[in-house]
Amino acid sequence: MVGLNMNTRPVSGLIQRRWALPAVLFVVAGLIYWLSARLLGRTHSPDTAYFNDLADAFLHGRLYLAKPPARYDLTQYKGKWYVPFPPLPTLLMLPWVAAFGLKWMNTVVFGAVVGAANVTFAFLLLQSLARRGWTGLQRSGNLWLTVLFGVGSVHWYVATQGSVWFVSQLCTLTFILLAAWLAVATDAPLLSGAALALAMLGRPHVALCYPLLLGIHMQHAQDRMQDRSAWRWLRWGAFALVPLALSGAALLAYNAARFDNPLDFGYLRQNVSSDLAADLRRYGQFNLHYVPHNVWAMLLSGPAWDAKRNLILPTVYGMSLLLTTPALVYLLNAFCRSPLVIGAWVATALILVPLLTYYNTGWWQFGYRFSLDFMTPVLILLAVGAGANVGWKLRALILLGVVVNAWGTWWFQNPRFFS
157 MVGLNMNTRP VSGLIQRRWA LPAVLFVVAG LIYWLSARLL GRTHSPDTAY
207 FNDLADAFLH GRLYLAKPPA RYDLTQYKGK WYVPFPPLPT LLMLPWVAAF
257 GLKWMNTVVF GAVVGAANVT FAFLLLQSLA RRGWTGLQRS GNLWLTVLFG
307 VGSVHWYVAT QGSVWFVSQL CTLTFILLAA WLAVATDAPL LSGAALALAM
357 LGRPHVALCY PLLLGIHMQH AQDRMQDRSA WRWLRWGAFA LVPLALSGAA
407 LLAYNAARFD NPLDFGYLRQ NVSSDLAADL RRYGQFNLHY VPHNVWAMLL
457 SGPAWDAKRN LILPTVYGMS LLLTTPALVY LLNAFCRSPL VIGAWVATAL
507 ILVPLLTYYN TGWWQFGYRF SLDFMTPVLI LLAVGAGANV GWKLRALILL
557 GVVVNAWGTW WFQNPRFFS
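In terms of this note's numbering, the sequence shown is residues 157 to 575.
These are computed hints drawn from the structure, not numbers from a lab. Each residue gets a CB set at the ideal place from its N, CA and C atoms; glycine is no exception. Be aware that one or more of the hints could be misleading.
When the alpha-carbon atoms are kept at most 30 Å apart in a straight line, the in silico DSSO-like pairs for lysine-lysine are as follows [said to hold, decoys possible]:
1. Lys259 / Lys234
2. Lys259 / Lys236
3. Lys259 / Lys223
4. Lys234 / Lys223
5. Lys223 / Lys236
Computed beta-carbon distance windows for the label pairs [stated by the list, open to error]:
6. Gly235 / Asn466: 44 to 50 Å
7. Leu487 / Pro178: 23 to 29 Å
8. Lys464 / Asp431: 18 to 24 Å
9. Asp462 / Gly217: 46 to 52 Å
10. Val184 / Arg288: 24 to 30 Å
11. Lys464 / Ala394: 57 to 63 Å
12. Phe256 / Arg295: 34 to 40 Å
Let's have the full structure, built from the sequences with the hints guiding it.
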């Protein structure tokens, strides 16, 4: 027994050291997000949080909001108001609301905690890639990329909001990151597939991240010099698809229960802004008509001169990714024929299809918030593109992104700019 204790101490110490830094990152990121909201007095759940109210509705046997605190972006059907967005955040809030009641469900705190979890998963993913030898970065380089993700991208302001649109994106991103990390760390198709299936319950189109998981498996197989036949890949891929199929079926059943039609998410009858309603009614939710405007918002849009305040300020329509996260230029270095890189590029390209053909750019936002849907494969590509270390040029771009996103978070949280 004494010998057993002596052998296990180094192992337990290694485990503790391995998890100490992720735990610190979780705490620090959560504090940054919470304090960002607190400093500008935005600490209460907004009326447009909705998912907390829907959790309470679920607990009372309803799929609709009996007395919604607001009606913007809700869908009315047969005289009842529904939250059209898929229910992942509601499912995550259920235990808290069940235990403590709706009154104590603060969605701003919830968003800060989920955002902190995302930062932690991003770091764990980067570390796992490095341990496999798939990227050349050491821990310090992975920490720099974690800073880019946590406060050098639109993730910062999104994690401070607590409203329905932002919480949905945060929760979806959590499970995309988890899926990628599990795929790298375990190569288990059901585990990684189940995580991505949960992400689908927040934003269904992120199922298009599936090629990333397949690319990671193929990288594993290549490293182990295993049989690279199509049959092996198809078998792994089929197992990974099973949870995705079950998630899709659950969403169809949820739609049928709400709107008597499994294919109806309620978006076409959504109570949207009049600025968006005309195009939605004329062209539908997805159409090539929207591509030029979406490309402009994602890559070309900049801040504008506010003559009333004599300031250069962002616009609520979004701002170019190259301005909010300038380090993305290092994606130009991430081109090689490894299965991991190919899978990441394919996943990014596929996710861009619904985003670029969508009827709005993200609408009320700083930066291009829909970029969080493809941030996981992009983060992997950045780790590859950084090479053996994060040099001073990349560090400077990361720090510039931090400054820009601090400015954007301050602007977006400040009500005087929207009066």
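Status of the hints after comparison with the structure:
1. Lys259 / Lys234: Holds - the C-alpha atoms of Lys234 and Lys259 are around 28 Å apart, at most 30 Å.
2. Lys259 / Lys236: holds, 23 Å
3. Lys259 / Lys223: Since the Cα atoms of Lys259 and Lys223 sit roughly 15 Å apart, the hinted pair holds (cutoff 30 Å).
4. Lys234 / Lys223: holds, 15 Å
5. Lys223 / Lys236: holds, 9 Å
6. Gly235 / Asn466: 44 to 50 Å: holds, 49 Å
7. Leu487 / Pro178: 23 to 29 Å: holds, 25 Å
8. Lys464 / Asp431: 18 to 24 Å: Once the Cβ atoms are compared, 20 Å apart, the range 18 to 24 Å for Asp431 and Lys464 holds.
9. Asp462 / Gly217: 46 to 52 Å: Because 48 Å falls inside the window, the suggested range holds.
10. Val184 / Arg288: 24 to 30 Å: holds, 26 Å
11. Lys464 / Ala394: 57 to 63 Å: Because 58 Å falls inside the window, the suggested range holds.
12. Phe256 / Arg295: 34 to 40 Å: Check passed, 38 Å falls within 34 to 40 Å.
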